[in-house]
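In order, the protein sequence lines correspond to chains D and H.
If you read the first sequence in the UniProt record's numbering, its first letter stands for residue 1, the second for the next number, and so on.
If you read the second sequence in the UniProt record's numbering, its first letter stands for residue 1, the second for the next number, and so on.
Note that these hints are calculated values from the structure, not bench results.
Certain hints may be false.
[Said to hold, decoys possible] Quick list of the computed label-pair ranges, beta carbon to beta carbon:
1. Glu-219(D) / Glu-255(H): 44 to 50 Å
2. Ala-21(D) / Glu-255(H): 36 to 42 Å
3. Glu-223(D) / Val-79(H): 35 to 41 Å
4. Ile-169(D) / Gly-93(H): 17 to 23 Å
5. Lys-35(D) / Gln-2(H): 38 to 44 Å
6. Glu-219(D) / Glu-77(H): 57 to 63 Å
[Said to hold, decoys possible] Output of the computed footprint for chain D on chain H, the stretches with three or more beta carbons under 8 Å from beta carbons of chain D:
7. 2-8
8. 14-25
9. 95-107
10. 132-141
11. 154-160
C-beta atoms are modelled at their ideal positions from N, C-alpha and C, and glycine is treated no differently.
Protein chains: 2
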Amino acid sequence: MQRAERLIRLTQLMMERPLHAISLASLAEQWGVAKSSLSEDVATIRQTIADAERGTVETLVGVQGGVRLRSGVPTDERVTFLNNLARTLSEPGRVLPGDFVYMSDVLGDPYVLDTVGRLVAMQFADKAVNVVVTVETKGITLATATARHLNVPIAIVRRDQRVTEGAAISTHYVSGSTRRIQTMSLGKRAMPSEACALIVDDFMRAGATARAVVDLLKEFSAEVVGTAVFMATSQPTTKMVNDYFTLLRVHEVSEHGANVQPALT
Amino acid sequence: MQRAERLIRLTQLMMERPLHAISLASLAEQWGVAKSSLSEDVATIRQTIADAERGTVETLVGVQGGVRLRSGVPTDERVTFLNNLARTLSEPGRVLPGDFVYMSDVLGDPYVLDTVGRLVAMQFADKAVNVVVTVETKGITLATATARHLNVPIAIVRRDQRVTEGAAISTHYVSGSTRRIQTMSLGKRAMPSEACALIVDDFMRAGATARAVVDLLKEFSAEVVGTAVFMATSQPTTKMVNDYFTLLRVHEVSEHGANVQPALT
Numbered sequence: 001m002q003r004a005e006r007l008i009r010l011t012q013l014m015m016e017r018p019l020h021a022i023s024l025a026s027l028a029e030q031w032g033v034a035k036s037s038l039s040e041d042v043a044t045i046r047q048t049i050a051d052a053e054r055g056t057v058e059t060l061v062g063v064q065g066g067v068r069l070r071s072g073v074p075t076d077e078r079v080t081f082l083n084n085l086a087r088t089l090s091e092p093g094r095v096l097p098g099d100f101v102y103m104s105d106v107l108g109d110p111y112v113l114d115t116v117g118r119l120v121a122m123q124f125a126d127k128a129v130n131v132v133v134t135v136e137t138k139g140i141t142l143a144t145a146t147a148r149h150l151n152v153p154i155a156i157v158r159r160d161q162r163v164t165e166g167a168a169i170s171t172h173y174v175s176g177s178t179r180r181i182q183t184m185s186l187g188k189r190a191m192p193s194e195a196c197a198l199i200v201d202d203f204m205r206a207g208a209t210a211r212a213v214v215d216l217l218k219e220f221s222a223e224v225v226g227t228a229v230f231m232a233t234s235q236p237t238t239k240m241v242n243d244y245f246t247l248l249r250v251h252e253v254s255e256h257g258a259n260v261q262p263a264l265t
Numbered sequence: 001m002q003r004a005e006r007l008i009r010l011t012q013l014m015m016e017r018p019l020h021a022i023s024l025a026s027l028a029e030q031w032g033v034a035k036s037s038l039s040e041d042v043a044t045i046r047q048t049i050a051d052a053e054r055g056t057v058e059t060l061v062g063v064q065g066g067v068r069l070r071s072g073v074p075t076d077e078r079v080t081f082l083n084n085l086a087r088t089l090s091e092p093g094r095v096l097p098g099d100f101v102y103m104s105d106v107l108g109d110p111y112v113l114d115t116v117g118r119l120v121a122m123q124f125a126d127k128a129v130n131v132v133v134t135v136e137t138k139g140i141t142l143a144t145a146t147a148r149h150l151n152v153p154i155a156i157v158r159r160d161q162r163v164t165e166g167a168a169i170s171t172h173y174v175s176g177s178t179r180r181i182q183t184m185s186l187g188k189r190a191m192p193s194e195a196c197a198l199i200v201d202d203f204m205r206a207g208a209t210a211r212a213v214v215d216l217l218k219e220f221s222a223e224v225v226g227t228a229v230f231m232a233t234s235q236p237t238t239k240m241v242n243d244y245f246t247l248l249r250v251h252e253v254s255e256h257g258a259n260v261q262p263a264l265t
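Construct all of the structure, not just a fragment, from the sequences and the given hints.
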């Protein structure tokens with residue numbers, strides 16, 4: 001196999017499964033090339049991807065040895081992406097009754113989802129997350145994209161209890177917007193043991209939903225490393241969760257549109 | 001920029017956004033290289049990826065000209081993947097009351113989701129799909145993965161009507177399992193005009209849900225090109241939708257486990 005071919009194949013394998021370790025020893029055998037050649041190829045790929053700010057090639061040592069790609073987003077692309085999103089979401093036609101901002105089209109766009117997934121994964125890169133937890137329904141697309149870049153499973157908290165989830169733990173909480181008592185339920189088999197969870201959702205106002213997920217996850221003895229949302233309101237400034245990360249912030253909403261700004265710079 | 005670097009960058013750009021067209025003219029300008037060099041690079045990438053059965057590099061002509069990657073799965077990987085899934089889902093411990101098979105862990109696994117997304121996208125590659133439609137909740141992760149590989153948006157049918165979806169069209173149908181009248185609702189803004197929709201869901205028994213989505217999509221004047229599910233039951237053999245594609249088929253379910261088999265070979 002020639003060098004050009006190896007570079008393409010290696011780049012493709014790493015990109016198909018971000019953070020999945022690829023064993024160079026196995027590949028060398030499979031492709032019939034020297035492991036030292038593959039190591040040189042990896043060095044070239046690492047440098048090229050780093051120069052382009054499109055991720056980091058990591059080398060793992062030991063039994064689980066191998067190379068893997070941590071996804072990235074170049075700074076200029078991130079700035080443009082968030083500015084464009086903020087502008088789109090500030091359009092007057094998006095304000096719904098109750099001062100909600102219509103976001104479902106954006107949360108269904110594959111480029112938006114993938115880029116949000118990368119940005120959230122980058123933010124929690126050093127946290128040893130082993131599960132992404134979201135609440136049905138609108139957070140699921142974002143959670144799926146984030147879990148792909150973190151290479152961890154997704155667990156979906158349901159609003160009701162379903163037979164298809166098997167044995168589940170349920171809790172109750174008071175919704176921030178409706179002030180009604182709501183139920184949350186998570187299947188026991190959906191969570192890894194010794195879970196280190198990242199909560200992902202689309203929107204946060206007071207943070208009652210995220211708080212309820214944190215409380216539910218305590219019943220699983222899970223550690224929660226943080227909460228990431230796509231958009232949070234600027235008011236109230238103090239949320240019901242201590243630590244949260246948001247990509248966008250909505251300042252005020254009127255009939256003339258919402259004032260949405262990037263929260264990251 | 002050297003050839004090795006160009007090959008890595010081009011492969012990465014194509015893989016980050018499957019089916020998104022990249023203009024070689026723009027890249028040539030941005031990178032300060034001759035377009036003919038990039039064309040040669042693309043030829044090498046096309047051949048390498050084709051040889052590895054990991055996709056197809058397509059060239060678009062005209063104003064929208066450019067190159068793009070259509071994702072693929074090698075035959076041997078597909079066979080292994082489906083056999084492993086069938087074996088996992090046939091484990092005795094997975095049978096829930098009502099003869100449901102527990103699948104939520106599998107539907108939350110990032111490798112499973114990505115591979116299912118690739119396989120479904122390959123199956124409908126020639127159908128000009130411009131939106132993936134799913135029904136909350138368990139189909140959403142699969143729909144997200146599929147939409148990524150088809151480079152189209154996702155629209156989520158809700159079980160109730162939500163203010164956050166804006167104006168919506170609702171329909172009613174009789175559930176296949178509970179025989180109760182259920183509501184379905186889809187926001188008007190979630191669908192493209194002249195929609196050509198692929199329905200994606202996790203599970204099909206009689207097909208009542210898929211049938212209801214087909215009927216709902218008629219109200220949007222959408223064309224439905226097909227229905228793809230992760231797993232379908234072998235009984236009843238005749239489903240309520242004419243055309244469906246499934247990766248797995250479950251033959252019988254007992255306390256000793258389900259008999260799940262690959263439906264694709």
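Hints, one by one, checked against the model:
no.	hint	verdict
1	Glu-219(D) / Glu-255(H): 44 to 50 Å	violated, 29 Å
2	Ala-21(D) / Glu-255(H): 36 to 42 Å	holds, 38 Å
3	Glu-223(D) / Val-79(H): 35 to 41 Å	holds, 39 Å
4	Ile-169(D) / Gly-93(H): 17 to 23 Å	holds, 19 Å
5	Lys-35(D) / Gln-2(H): 38 to 44 Å	violated, 23 Å
6	Glu-219(D) / Glu-77(H): 57 to 63 Å	violated, 38 Å
7	2-8	holds (count 5)
8	14-25	holds (count 4)
9	95-107	holds (count 8)
10	132-141	holds (count 5)
11	154-160	holds (count 4)
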